[in-house]
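4 protein chains.
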Amino acid sequence: MTKVMNVAMIGGGFMGKAHAMAYASMPMFFWPAPAIPNRKVVVDVTDAMAQTARDRYGFEEASSDWRAVVARPDIDVIDICTPNNVHAEIAIAAAEAGKHIICEKPLARTVEEARSMAAAVKKAGVIHMVAFNYRRTPAVALAKKYIEEGRIGRILNFRGTYLQDWSADPDGPLSWRFQKKIAGSGTVGDIATHVVDLAHYLVGPIETVNAITTTYNKTRPLQQSGVDKLGASEKASGDVERGEVDVDDEVISMLRFENGAIGSLEATRNAYGRNNFITLEIHGTKGSIHFNYERRDELQVMFADDPADSRGFRTVYTGPAHPYGDGLWPIPGLGIGYSETKIVECFDFFTAIKTGRLPSPNFDDGLLTELVADALLRSGETGAWERVGR
Amino acid sequence: MTKVMNVAMIGGGFMGKAHAMAYASMPMFFWPAPAIPNRKVVVDVTDAMAQTARDRYGFEEASSDWRAVVARPDIDVIDICTPNNVHAEIAIAAAEAGKHIICEKPLARTVEEARSMAAAVKKAGVIHMVAFNYRRTPAVALAKKYIEEGRIGRILNFRGTYLQDWSADPDGPLSWRFQKKIAGSGTVGDIATHVVDLAHYLVGPIETVNAITTTYNKTRPLQQSGVDKLGASEKASGDVERGEVDVDDEVISMLRFENGAIGSLEATRNAYGRNNFITLEIHGTKGSIHFNYERRDELQVMFADDPADSRGFRTVYTGPAHPYGDGLWPIPGLGIGYSETKIVECFDFFTAIKTGRLPSPNFDDGLLTELVADALLRSGETGAWERVGR
Amino acid sequence: MTKVMNVAMIGGGFMGKAHAMAYASMPMFFWPAPAIPNRKVVVDVTDAMAQTARDRYGFEEASSDWRAVVARPDIDVIDICTPNNVHAEIAIAAAEAGKHIICEKPLARTVEEARSMAAAVKKAGVIHMVAFNYRRTPAVALAKKYIEEGRIGRILNFRGTYLQDWSADPDGPLSWRFQKKIAGSGTVGDIATHVVDLAHYLVGPIETVNAITTTYNKTRPLQQSGVDKLGASEKASGDVERGEVDVDDEVISMLRFENGAIGSLEATRNAYGRNNFITLEIHGTKGSIHFNYERRDELQVMFADDPADSRGFRTVYTGPAHPYGDGLWPIPGLGIGYSETKIVECFDFFTAIKTGRLPSPNFDDGLLTELVADALLRSGETGAWERVGR
Amino acid sequence: MTKVMNVAMIGGGFMGKAHAMAYASMPMFFWPAPAIPNRKVVVDVTDAMAQTARDRYGFEEASSDWRAVVARPDIDVIDICTPNNVHAEIAIAAAEAGKHIICEKPLARTVEEARSMAAAVKKAGVIHMVAFNYRRTPAVALAKKYIEEGRIGRILNFRGTYLQDWSADPDGPLSWRFQKKIAGSGTVGDIATHVVDLAHYLVGPIETVNAITTTYNKTRPLQQSGVDKLGASEKASGDVERGEVDVDDEVISMLRFENGAIGSLEATRNAYGRNNFITLEIHGTKGSIHFNYERRDELQVMFADDPADSRGFRTVYTGPAHPYGDGLWPIPGLGIGYSETKIVECFDFFTAIKTGRLPSPNFDDGLLTELVADALLRSGETGAWERVGR
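Chains as they are written, first to last, in full-length UniProt numbering: chain E, 1 to 390; chain G, 1 to 390; chain U, 1 to 390; chain W, 1 to 390.
Everything labelled a hint here was simulated from the structure, so no lab data went into it. Do not rely on the hints blindly, as some may be mistaken.
Identical copies carry no separate label here, and so any pair may be met within one copy or between two of them.
[As the list claims (entries may be wrong)] Cross-link-like lysine-lysine pairs, in silico, DSSO-like; alpha carbons within 30 Å at most:
no.: 1; residue 1: LYS354; residue 2: LYS145
no.: 2; residue 1: LYS181; residue 2: LYS354
no.: 3; residue 1: LYS218; residue 2: LYS123
no.: 4; residue 1: LYS3; residue 2: LYS123
no.: 5; residue 1: LYS181; residue 2: LYS218
no.: 6; residue 1: LYS122; residue 2: LYS218
Based on the provided sequences and hints, a complete structural model is requested.
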C-alpha cells in the first residue's frame, strides 16, 4: 500500500498553487507513487486568506498560525511557499519538529540563514529539498544524462542566462521582491540562483565569480495590494507615492568552476521581450548542449563525432525515452509545462522521503547556491574576483 | 459557495490521467471556480484496473460496470475516456440519465453514431462537450481573438498539419487505434479531426474536401498487452503473429470553406521526427498567423499595416494579457503544457454547466467534425471533391 | 589554359544583375574554372537601356537587337533573362545558331513553346539549362545527397511550399507577371515551378495532380514604368486606371509521383509575412528532411535509426563538407545568399559545356516542369485529378 | 561618367576571393556606382601564386613585389588582404604613396602598429577603412537605424558572442592564426574584434573590460601547406611534429561602456556546433534587439510600447525597405550571404572616396578596437578591470 503523507503548506500565493497541483497530480503521473500526498492544512497570513486557499487548493484545513501547524504530530511534510524572509524561521522550526521539508527558492536571504537551516535539518535527520524546479525539466535532466555519460566530453564552458521583463517598466509596483529586508537580494536571489543551481547540477561547484550588479530603477510606486503580482499588471496610475528599491535589477558574471571550466551568467528582470528565458549553452571537448526554457520540450545537442556531412545540433523533443518519461506523457511534444516540472519535483521529493536518500538540490546544495549568490553580490561591490566561501 | 459536482470517469488510460489531473487542479487555477469537481467514481474494464485507477487518480470509488454508474443519481457528470467504440453507447445512456457529458475525441466512429449522440444530448437538455483540447491552448485562443477582432482581415487560406511519428515503425504493435471496428478510422479520426476542429474554430465550416488517404503499413504485430502504448515502445520481438491494419495512416486534403476560404490539411502518424506537430498557417487580407503546438507557448502573428521597416511575424508568448491568462501563470513563458490545456478545457466545461450555455466544441460541433472526417474518407476513395453532408 | 567563352545576355533587369555577378565571380570561387565567362554583349529593349546595362554589369558591348547578337559567330553562350514571352523565340534562334543556352525559368509560357525549345536544342546538339537556381542551394544539394545515399529510405511524402507576399497588396502595380500573354501564367509559372523542379530533383517525376487555383485580386493599377518591381514599392496613388489580372494568384495541389510517393504543393504571392518561403518537408521510411530557404544555410535531417535518447532533427549548416563546399566559403555559416546560388548555377552550366554532359535541369527537365504546370492549371479548371502529359 | 579606379590587392587567399568578387559586382548592385573598381594588379607571396590569383580573380596583372606595386602612380586603391603581420608596413607605405586603403581586420597585431597606421593615413589625407564586414549586414544596419531613431530607448545592456568551432579539434593544423608573431593574438584579434566593432557601432565606446582568456589546446601539428585552411580539413595524420600555440582560444569579458551601458562579450573558435555564430542581444529602455548572423536575413526587434496582447519580438526579414535595400535584391528573403556583406562594404568604401568623407570603421575606429583588444588581453592576465587606453 502506498503511504499517505500529510502535507502542511505555508503560503498560498502563486507558488502555493503550483505545489497544490503537484500534490494532487503526482501519483496520477508516477504510479506506483512513492507516497500519496494528502493536502492536510494550508497556512496563510490571515484566516480569511487561509480559508480561501483551503477551498481553492483542496486542503482539508486552514490556519493562520504556522507555528501551531508545524507542531502538529499528524503533519509529515512542511512546504514553505512564503516570501524569503520567513524561510529560515519556519524551516528551523519544522526541522526541530522532525518534519520533512521542501522550501521554495532561494533557500534564504543570507548565507547565515541558509547555514542555520542546513545545520537544523542535518541535526534533525529529516529529508529536505529546495524547489529549484527547472532542474526537473526533462530536457535539463537529459542534458545531465548526456554529460554524465561523457557524451559531450569534458566541459570547457558554461553560459547561462535568465532573462525576464516583468520589472522593466519603472512604474511597476514595489513588490516584496524589490525589498532587501524581505527578499534578501533582487535578481540575484530571485532568478540568478536558478542558473547557479543549474550550473552546479550540470557542471559542478563554482569556485570564483566576477560580477557586475546594477539597479536600473531606483524607486517604484508603493504597492496598493499585498498580492505578489509580477510586473506591471498592477501598474500605478496618478500620483502614487514611491518607495526605494534596494536590491539589484541585473547581474552579469564570469564564472570559474572548481573543475577548471569557465563560464558566464546573466540574469535580469528588465530585458524587454524575454519572459522566462533561461538558456544554457555548454561546450565540451566532444560536443555541445543548448537549452532554452521558453522552448522547454526540446534539448539541443551536438556530438562532435557525428559524420562530417551530417553534423549539427539535434533538436531532441523529450518523451518516454528520456528522464521522467515513464511518468509524463506517452509521446514527445504533447507538452511539458510549468505543471510538469513541479509534478516531477514532487515525485523526487517523496521518493527521497520513501528511500531515505537525500534529494538534490537539498539544503546543502541550497546553501552552496547562497554562497555563490553572496559572492556575486560581493563582487558586484568590489569589482574583483570573489571566492565562493564554502 | 462553489458547488461540488460528482464526476464519474469511464476509462483509466492516458486520457484518464489527464482528466483526473484537471479535475483536481482546475479550481486551483480558476478561482472562484465554476464548480468543484469531485472525483467520485472511476470505471475501467476490470475491477482490478478500476481500483488501481481509483487509487492512482484519487477517486472515491471504483467500478467495472459503467451502466450502473451512469444510472447513479449522485453523479452529475459523465466523462468518457474510452476507446472510440463505446463512446456512443455510453453517451446516449448518460444523456438519457440526465448527466452532463464530456467525451474524448473523436466523438464517434461514424457519422451515424455521432448523429445519435447529438440527438440524445439535445433531447436530454444536458451540457455536452467534445475534448478537442488543442483549442484550449492559450496561443490558439489568441489566434481566435485576433481573427474575431479582424486584425488579420478576411481569411483567404488555412493550412493545418498534424504530424506524428509514433506509428512510423512498421513493427509497432497493432493497438486498437489501427482497428476500424474499434477506432472507426485511423489518422483521420485520431488526429486529423483535431485539425478539422481547429479549422472550424478559427475559419468556419468546411464545405467540400478533396483528399488522399493511404495506409503505409498494412499489417502489424498483434499486441501482447491491452495497454494503449503509442508507438514502438512495446515493439515486438521475434516471430510475432501479425494482424491487419484496416485504417488510414495518412491523409492529405484540400479544403474549401463555406465562407470562400481555401486551404489544406495533412495528418500522419508516420512522419519521422515530428512528434505532436500541429501547425497552423493562416493568411488573411490584413495579416497572417502561424502556430506550432510543439512550441505552444508562442503565437506568431504578422500585421500587414505595420510600418514597412519593422514588419514581420511577432512571436507572442502567451501570459496574463492573453486568453485564460488570469487563471494560468503570472508571466508568459513559465510554461504551457498538456496539463494546462486540459485544465482550461475543464474550466470551460464546468463554466458551461454553471451558466447553462453550451460550450464549444459540443456534440453538434463534434458531429460536424465527423461529417468532415466522413467526407475525407469518401474522397480518399473516390478521388473527387466530396461535400460535407450537413 | 582555362578557355574564355563569350556570353551574350539578353535582358538587363534583376536577373541580369544576378547572372552578370555570377559570370564575373564564378572562376573566383571554383578554380580551376571550367571556363572563364567573358561578358561580351548585353541586349536590352532600347539602346539606352542596353548601354546602361553594359556599364553597370561590365559587358564589353551593348545592343538592342538580339537577333543580330544571336547570329554573331564570336558568341558562345546565349543567356535569356527576359520576360517569359520571348524565351521560345530567342532560344530557338540561339539553338539554330549553335549557341549554348541558359534560360531563366519558367522555360516558357506554354507546353507547346517548351516542346519547341526542347526539340530545337536537341536538334542543334548544344548544351542547355533552365535557371531553377534553388536546386543549387548547398542545403538542397545536401538533401539530394542524403536521399541518393538512401539515408532517409524510400520517400513516402513530399510537401513543398513557396510563399511570398509581394502581391498581397491589391494596389500593387499590374506588372507583366500578372498578364497571361507575357507570363503564361501567374504563381504557377513564376514560383510553383520552382517547387515542381525541386520535387522532380529530390523525389522523381510527378504523375498526377489535383489542384485549386485562385485569383484574389482581379484588377490592379496599370504600371507607370516599365521596370519589373516586385510588389507595392511602386504602389499607385490617386485615380489610376486599373487593368485585369488574368493569371492565378495562388495554387494548392495534391501530388502523386510515379514512384508511389504522395505529396502536396502550395504557392502564393499573397501570404503576408512570407518573403521567399520555399519549404520542403520530406518523409521517408528511414528519416525526414526539412528545408526553409529563408534560412538557407541550414538543412534539417532526422535519421530514424539514431539512438532513442538522442533522436531528432539535426540542423546541419552547409560548408566545406557538403556539396559545392570546396568552391564556396571556408567554414559553414559565413553565408549562402542569392549570389552563391547563382554562382553555383553558373559553375554547373560551364562544367556541362566543358564536359559535354547535359546539366540538370536542362530543357527536357524544363519541359517536364511545364507539363506539370499545365496539369496544375487544367486541374484548377476541372477540379479533378489531371495526368501530367509526358 | 562613373570614374574607374585602379585597385591593387595584396593577398590572394580566401579574403582575396571575397574582395575580388565585390570589386566585380559592386556596380552591378549599386548603380550609378560611386566608382568602377578596376582589378589592376594582385600581389601574392610568389609570382606563381600571384599569377594564379590574377587569372582566378580577374586582375590585369600579377606581382610578388608589393612595394613596387604600392609605388605605382596608376594605382588608386591598396587593398590589404594579408595575414596581420604585414598590415602595418603595407598600410604605412600605401599612405605615404597617397593611396586610399582598405585593410582586412583586425587592423594590426598591436596597438602600436595600429597607432602608426592611423597616424600615417591621417597625415597622408587618404581615405581608409577596416573591413569589419559584419556591420554591413543589412539586418545589423537596421539595428543601428532603430537605435538611432530611439526606438528601443536608451541602451542598458549589450551582449555579443562570436562562436565558431573550426579550431575545436586539438589536431587541427597550426595555421598562422595560432601564432602570436603573425596574428598578434588569437580569438581576440581574429573574431572578438568583430564583436567589439559591432558594440562600438551600435552602443558606443567601451570604457573598461574585465576578461578571462584561455588557451585550450597548447600545441598543434605543424602545418604542411602554407594555405590558410580554417579547421581540421587538413587534419594531420600519423606522427606529425607539433608546435606551440601562443595565443588565446577563447575570451569572455564583461563590458562597461562610456555611456553607462553594461554588457558582455564571448568569443571562441572551440564551441562545437557553432559555425559563424555572431549574436547580439541588446536591451533598451523601450525595447530589445536580437541578431544571429547564422540567420542573417533576419533582425528580431521588440518594441515595449506594442499593445499588451500582441507584444513580442518581430522577425524582420531585410529587403528594399531596409538599409542597402535599393542595391541588393528586390524582395526580402532572396538571400543575404557573405558576398552581399562584402559588396556593401565595397560600396561604402568607394562612396567614401567619391565624397571625401571618411567611412566607418576607418583606421581610427580600428585603432579603438585594437585598444579594446589590448585591454581584453591585459585583463586576461591581471584578472582585473582594465581601462581602454584611448
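Hint by hint, here is what the structure shows:
no. : hint             : in the structure
1   : LYS354 to LYS145 : within (23 Å within a copy, 48 Å between copies)
2   : LYS181 to LYS354 : neither (36 Å within a copy, 45 Å between copies)
3   : LYS218 to LYS123 : neither (41 Å within a copy, 49 Å between copies)
4   : LYS3 to LYS123   : within (25 Å within a copy, 46 Å between copies)
5   : LYS181 to LYS218 : within (16 Å within a copy, 49 Å between copies)
6   : LYS122 to LYS218 : neither (40 Å within a copy, 45 Å between copies)
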